[in-house]
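Asker: One line per chain: the protein sequences are A and B, in this order. Each residue of the first sequence is one higher than the last, beginning at 1 in the working numbering. Each residue of the second sequence is one higher than the last, beginning at 1 in the working numbering.
It is worth saying that the hints were derived from the structure and are not from the lab. Positions of the beta carbon are idealized from the N, C-alpha and C atoms, including for glycine. A portion of the hints provided could be inaccurate.
Claimed, not checked - Derived pair list, reagent style SDA-like, types lysine to any residue, alpha-carbon separation capped at 20 Å:
#, chain 1, residue 1, chain 2, residue 2
1, B, Lys-405, A, Thr-166
2, B, Lys-405, B, Glu-547
3, A, Lys-196, B, Gln-497
4, B, Lys-512, B, Ala-557
5, B, Lys-513, B, Arg-435
6, A, Lys-196, B, Glu-284
7, B, Lys-405, A, Ser-223
8, B, Lys-405, A, Ile-31
Unchecked claim - If you want the ones that stay clear, here's a sample from chain A, every Cβ over 12 Å from chain B, calculated:
#, residue
9, Pro-11
10, Glu-55
11, Thr-226
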Amino acid sequence: MKILVPTKRVPDTDQKIVATADGTRVAVDHIPYVINPFDAIALEEAVRIGERLGESVEVVAVGIGGEGYEQQLRTALATGAHRAVHVVCGQTLDPWNVARLLRAIVEWERPQLVLMGKQAVDDDASQTGQFLAALLDWPQATFASRLELQGERIRVERETDHGIETLNLPLPAVVTTDLRLNEPRYASLAAIMKAKKKPLDLIDAEKLGVTIDPRIEVLRYRSAETQRRCERVRSVDELIERLRNQVGAIV
Amino acid sequence: MQPALPAELPAGAEPAQLTREVFGNVPAWAQTLFYLLAAAAVGVFVYGIVRRVRLWRKGRPACDAVSWRTAVRRLLRDVLLQKRLWGRGMASLAHVLLFSGFVVLLIGTTLIGVEHFLADVLGREPNAPVFHKGLYFGVYELVTDTFGVALIAGCGMFLVRRLRGTGSFARSPADVGVLVALLAIGVTGYAVESLRIIHAETRLAGLSPVGYLCAAAFQGTGIGREAAGQFHFLLWWTHAALALGFIALMPYTRLLHSLAGMVNLAIRDHALGVLQPVSIAEVETTGQIGVARLADFSYRQLIELDACVSCGRCEDSCPAFEAGKPLSPRNVVQDLVGAMNGPGLEQNVHGDVIAAETLWSCTTCGACADVCPLGISPMRMITDMRRYLIGEGALRGSPAVALQKTERAGNPWGMAASDRLAWAAGLDVPLASERPDFEWLYWVGCAAAYDRRAQKVARSVARLLKAANVNFAVLGTEERCTGESARRMGDEFLFQQLAEQNVATFASRGAKKILAHCPHCVNSLRNDYSQFGGQFEVVHHSQLLSELVQQGRLKPAAHGKSAAGSITYHDPCYLARVSGVTEPPRAVLAASASGTGQATVVELPRNRRQTACCGAGGGRMWFDDALAQRVGQTRVREIAASGSDTVAVACPFCLVMLTDGLAAHRPDVQVRDIAEVLAEAVFEREANS
Chain A
1 MKILVPTKRV PDTDQKIVAT ADGTRVAVDH IPYVINPFDA IALEEAVRIG ERLGESVEVV
61 AVGIGGEGYE QQLRTALATG AHRAVHVVCG QTLDPWNVAR LLRAIVEWER PQLVLMGKQA
121 VDDDASQTGQ FLAALLDWPQ ATFASRLELQ GERIRVERET DHGIETLNLP LPAVVTTDLR
181 LNEPRYASLA AIMKAKKKPL DLIDAEKLGV TIDPRIEVLR YRSAETQRRC ERVRSVDELI
241 ERLRNQVGAI V
Chain B
1 MQPALPAELP AGAEPAQLTR EVFGNVPAWA QTLFYLLAAA AVGVFVYGIV RRVRLWRKGR
61 PACDAVSWRT AVRRLLRDVL LQKRLWGRGM ASLAHVLLFS GFVVLLIGTT LIGVEHFLAD
121 VLGREPNAPV FHKGLYFGVY ELVTDTFGVA LIAGCGMFLV RRLRGTGSFA RSPADVGVLV
181 ALLAIGVTGY AVESLRIIHA ETRLAGLSPV GYLCAAAFQG TGIGREAAGQ FHFLLWWTHA
241 ALALGFIALM PYTRLLHSLA GMVNLAIRDH ALGVLQPVSI AEVETTGQIG VARLADFSYR
301 QLIELDACVS CGRCEDSCPA FEAGKPLSPR NVVQDLVGAM NGPGLEQNVH GDVIAAETLW
361 SCTTCGACAD VCPLGISPMR MITDMRRYLI GEGALRGSPA VALQKTERAG NPWGMAASDR
421 LAWAAGLDVP LASERPDFEW LYWVGCAAAY DRRAQKVARS VARLLKAANV NFAVLGTEER
481 CTGESARRMG DEFLFQQLAE QNVATFASRG AKKILAHCPH CVNSLRNDYS QFGGQFEVVH
541 HSQLLSELVQ QGRLKPAAHG KSAAGSITYH DPCYLARVSG VTEPPRAVLA ASASGTGQAT
601 VVELPRNRRQ TACCGAGGGR MWFDDALAQR VGQTRVREIA ASGSDTVAVA CPFCLVMLTD
661 GLAAHRPDVQ VRDIAEVLAE AVFEREANS
């Protein structure tokens, strides 16, 4: 069984991200990058499936983008992916085009399961998995918080606003993962070094026969402004008094 | 009844020399048989040793070699004088008695062998010895007789302890058997001696007081000279067989500790705060990091395994064990010994032999290595095995996140590097980039840079340094985590990456003297960084502050809150035990408290080198433990029971752990860094004057 895990590269969530002064882009020059945390959860799940089922499982990590992607794909290999595919692409991509490129990869690799994060934490679009399932005409289950392979089918518990919904899909399928599915392992530098011998294949995006036609145009970036003021009050009574009379939070 | 012992020369006898016949009452065939058996025993002994040495040599090479001079000095101090052994009351005494008895009697027996050999070569008659006579003989008899008592007493004490006690020490049937055998050798020795005194009518038998008394007792039973001779022969064989068997079995029993321990004490590299580096090139060729199999330990560590006698002192001093964590350093070592003697060196030790939970429980406080009389470091075995787990990606959850954040952001909290100077707001702290002629580089550390509570420590230090006109600077945003936690968690390459960055920063800023208020940073900058090209003097703030007080550059006067009540001091492991700094922080506190008449600090039951860990070392800071399961809760209770209303610390980790712990027991007890206590005393004075 082959599991394909598309992984996006996003700026480290701990860093302060600001827009450049001219608003044309996000200032990310000195910001470290990480695998999108939701994709890391998908990868962890794929690796765990492999650990449970043994050698019959092959986990392939895919990254689409510029040269910088190698670092995240090495991390994916250190996490336990058997192989990585780097689709080299210099253009800015939106979810639709990523899904189209991924369809080409899926048709090439022919996995039984595509496991990916429910969204990327940089643009929070939450569209790629759904687009991909539609393009492939595969069943999909989004926001998975628990999954279980049952022969040719997969049982997925997904988190909705109203509770847990359980789905049972035939394979092949696209499943996108939510936060509570698992706790990804730590791929240390030592693990990355140990995984250096694993194959990392480069594919030129142009050779996949996909013409990139952006559907989204970014007009402007602007940093969110937060103005927080802290004050210490002396007592509960004063707090209530201030909330009532100064802030107007209590009527 | 007065025993008729030949204490006086029989009337009319020729004045013979003061001696006794070697192999007296033992016929020639028996002597030959004895030597054959002795050769066999030595053969079995040597075979056992060779087998062990072969095993040891399968370990990895160790780094620094120890000079002969050092090795000999250590043999004298730690083996002959048993320097590391004291500190366990009667058990220590028992070992010294047993050890001294064993060594003296072994030397005594060897001398007899030499005498017999020389006499044989020189063709002497049985009653004309080469040197075993006269004054020498007199001293010999007295000394060996006395140390025989020591041996028996030592064995007896150990046996009583094993039959009655409930302590952590080894008490398997094999352990008891070894002691019984040794005791039997001692007892039969005296029996043989006393029967010989009766049978051979040895002159001046009083030179062997115990033998003499035993002989008197035997004679009291009415035993005749002939019968004594027969019993003597019988018991002589028993004694000989026991002794030879004992020697033969030494390398196969717990007694191996005496041989492996001797070697280990002589050659170990023993600095508590030092870990051995792993090179990236090595990992790239072998594809492996850390200890997976026993063969991945260094040969010295394999010797350490054989040196362990399972006395349990490490377990008694282990804060993780005390807290009920699944870690006993003794069991770690003994389980590895079991694997070495069972499945062998190629067996992977992770999982079945040593559980990951066990390895992650260690706070690397160093107590186990510090108390081990044989110089074993279970802690280093643990950190070496952790390296493998990290390489396997076997760490998850909050500690894994801390490492990840350290790698990305340069601090375990994952806070932005641009915020590193937030602690110094309004203090006008000089930056190294702006003041290149600084004398001291003040290493702030991640805790004081980002943790709200610890920030106050750095503020106090900076204010004190300024008040004392110390020429210092900080690195500000150029500082990164030292990687201390990462290294002790087994993330060697993350540590090395950080060390290389920081060493380069130190070099570019020309840092020669570094000041830090975190004992973990101090040890890392001193012992870890020197392995990666860091050459500088590193000082803990307690040392510099106490010096400034002594020089009169800081003048504390106690008006502060802390000085009004009583104050106790909690020694951080990495300051007291690892770096050996125990008095400067006390001097700072005493100076701060002077003027209230309470110039002394209330000592906790476990203090200085014997301090008890707060639970945050070795990366435990980043583990999500429920409060009750945390390491260090007994320490918190100790502090609460001391009755002090302030506990002073000298480490940001201790500050966090003790604050959290005391909040549940005694929220009224203040936890404060020594710099805060001093700053309060110094600046109150300024405010009042």
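Asker: Decide, hint by hint, whether the structure agrees.
Answerer: We went through each hint and held it up to the structure:
Of the pairs offered as hints, the one joining Lys-405/B and Thr-166/A is violated, with about 35 Å between alpha carbons and a cut-off of 20 Å exceeded. Of the supplied pair hints, the one linking Lys-405/B and Glu-547/B is violated, its CA atoms being roughly 37 Å apart against a limit of 20 Å. The suggested pairing of Lys-196/A with Gln-497/B holds, with an alpha-carbon distance near 18 Å, which does not exceed 20 Å. Proximity of Lys-512/B to Ala-557/B is assessed by CA-CA distance (about 32 Å); at most 20 Å being required, the pair is judged violated.
The hinted pair formed by Lys-513/B and Arg-435/B meets the criterion: a straight-line CA distance of about 15 Å does not exceed 20 Å. Taken as a hint, the Lys-196/A and Glu-284/B pair is honoured in the structure, with Cα atoms around 8 Å apart against an allowance of 20 Å. Among the hinted pairs, Lys-405/B with Ser-223/A is inconsistent with the structure: their alpha-carbon atoms are about 23 Å apart, more than 20 Å. A C-alpha spacing of about 13 Å is found between Lys-405/B and Ile-31/A, which places the hinted pair at or below 20 Å, so the restraint holds.
Chain B draws Pro-11/A into its interface by the beta-carbon criterion, the shortest separation being 10 Å against a cut-off of 12 Å. A cut-off of 12 Å between C-beta atoms confirms that Glu-55/A is not in contact with chain B; the least separation is 18 Å. With a least CB separation of 14 Å from chain B, Thr-226/A remains clear of the 12 Å interface cut-off, as annotated.
The structure fails to meet hints 1, 2, 4, 7 and 9 from the earlier list, while all remaining hints are met.
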